[in-house]
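**Student:** Since the structure of chain Z is provided, determine the placement of chain P on it from the hints.
There are 2 protein chains.
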Amino acid sequence: MKIAIDAMGGDYAPEATVNGALLARKLWGIESILVGDEATIKPLLLDAKEEMEIVSAREAIGFDEHPLKAIRQKKDASIVVAAKLVDSGKASALVAAGSTGAAMAASLLTYGRLQGIDRPAIAFPLPTLKGMSLVLDGGANPEASWQNLVDFALLGSIYMEKVMGICKPKVALLNIGEEEIKGTPEVIEAYQKLKQSDLNFKGNIEARDIISGNADVIVCSGFVGNIVLKYTEGLATGLFTMVKEAMLSNLKGKIGGLLVKDNLRVLKARLDYSEYGGAPLLGLKNLTLISHGSSDAKAVANALRVANTASEKKIMEITKEALEKRAIT
Amino acid sequence: MKIAIDAMGGDYAPEATVNGALLARKLWGIESILVGDEATIKPLLLDAKEEMEIVSAREAIGFDEHPLKAIRQKKDASIVVAAKLVDSGKASALVAAGSTGAAMAASLLTYGRLQGIDRPAIAFPLPTLKGMSLVLDGGANPEASWQNLVDFALLGSIYMEKVMGICKPKVALLNIGEEEIKGTPEVIEAYQKLKQSDLNFKGNIEARDIISGNADVIVCSGFVGNIVLKYTEGLATGLFTMVKEAMLSNLKGKIGGLLVKDNLRVLKARLDYSEYGGAPLLGLKNLTLISHGSSDAKAVANALRVANTASEKKIMEITKEALEKRAIT
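If you read the protein sequences in the order shown, they are chains Z and P. The first sequence begins at 14 in the numbering used here and counts up by one. The second sequence begins at 14 in the numbering used here and counts up by one.
What the hints contain is simulated information worked out from the structure, not anything from laboratory work. Heads up, some of the hints might be wrong.
The calculated DSSO-like cross-link candidates involving lysine-lysine, where the alpha carbons are at most 30 Å apart (straight line), are [what the hints assert, rightly or not]:
1) P:K143 x Z:K267
2) Z:K243 x P:K274
3) Z:K281 x Z:K183
4) Z:K274 x P:K265
5) P:K103 x P:K15
6) Z:K175 x Z:K206
7) P:K281 x Z:K281
8) Z:K195 x P:K97
9) P:K143 x P:K327
10) Z:K143 x P:K265
11) Z:K327 x Z:K215
12) P:K281 x P:K143
13) Z:K267 x P:K267
14) P:K257 x Z:K265
15) P:K257 x Z:K281
16) P:K267 x Z:K281
17) P:K243 x Z:K181
18) Z:K243 x P:K195
19) P:K206 x Z:K243
20) Z:K82 x P:K195
21) Z:K274 x P:K243
22) P:K195 x Z:K298
23) P:K181 x Z:K243
24) Z:K281 x P:K243
25) P:K215 x Z:K82
26) Z:K311 x Z:K143
27) Z:K243 x P:K215
Bound-form chain Z, shown alone (with noise of 0.2 Å):
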């Protein structure tokens, strides 16, 4: 089934979103439903050999607006369109590189909780030097309960090993210690609980442990995962900043800087999440992926295969059907 995908979401839109379909089209024959304005779309089409379905929305959400709000004024925003196709089952997943906010409150409106599932999360992809660890919640509600925690266990887990591969993920809290006694009286049930339950649960993480990898999933309160994204996005920066202003300092170090200049960048692009396809919306009746604000068409692309991918391991139908099961247990 096809993806859809807001195409004026994201800084580069249209330009990336209906280049990054293309090439997902061209690299693994993923087909997409290009949502927007389509006299601006087709014009960047004219060069494809195949036709791409495009789906007419006249409207958009921009970052600066207020989510809701702008989701309930404006019925025929190309996300709100895009979501309603996946609802509707035209298409099997949604990816969106516009507002965070607007992406959110359209597909959590339009898709509704998944049975069992208080509070959906925003689960993102954080580079370890192992690879990518799953954090989650990454913002979606500041405040978790205990049942919320282990909601967050349970769907990171599903979807690290459907979509991402790895076999019996490693679940971990994200704690101030490592004992069982340590942190929230969230945390310290939800440790309790998680103990209990079948999933691969490896106790507390303290935060100098994250960048390890040695955990697949991390699971926290929405306050404290968007404090680790932002405080990533802000420390990679300012340490890259940091480490070139060390080179720069004397001509020893700026020819040296010259050298390791390149491997520098492939480094930096690595610390990109962009190449895991974006965050998932978790907990929702349907997937939504949602690719980083500066995507560009490769960025765009991977989202479109990640939620492919999803789609065709068919993680929304698991998801339900674990949550049935402990439901009943």
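**Tutor:** For chain P alone, coordinates are given in the frame of chain Z:
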């Protein structure tokens, strides 16, 4: 007045602590009282030109002991004896490089809290692109009420102004968005109270801006602060590993790496917060400064210098006055 130092605390104690005390005297004329096992300390002072005061303590608390339990069992532990010297007015402040938990427990039980402070905080200096920001709470209290957060703002502001010499320190709440309606109920309420306070409150700061150094005092719960503290350690180390790997991945990079090595070492030292003397415990009736467990003599000397400045600038008296003034208004 002299500064008490737990001579037995830290990975390199008592050599690092004794040599640090000697260094602080040599460089700045700061006098210390070495607290610990006399038989071990004395031989280290053989070369010293002038005598240094030693106060005997027969026990020591290790990093692997349960802080509160150890404090209660080992009445003659060096950290406890040192805290008592401060409490009885024989020393003006305490420097501790041993177990943070033990230093906190000993300080809290020996000094007691300042009137008007419900929860003392551990404040830690975080290197930024502009210099250093003070983050509190760094983990003394996983949860923080809005009152606690407002207290942290006041305590941190006074410390940065009086001890670090920052004029009208800029205070910010660490939050998941800049708008005042963002975050947990506690953070939202603290925002309103801080807006009305006479602190130089700048609103919310997002985690991606921590590294910019735009805020001098960054206020958050102990859970969040501890995550930031440990994530900084982990991410800095991890990124250096990645930078190193990236450099060594080909010949050009290897040669460049050799040339920039020294500059990067300087940068790594800059990211080490020992230069700022360690993390003060704020909100107690006396000052304890926690130096990193791996402190060398220079780091210990810096901690003594900062503790001495805090004492000379009468930080305790000023904090008390500010709290009394607040209670009246």
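**Student:** Of the hints given before, which are not true for this structure?
**Tutor:** Every hint satisfied by this model.
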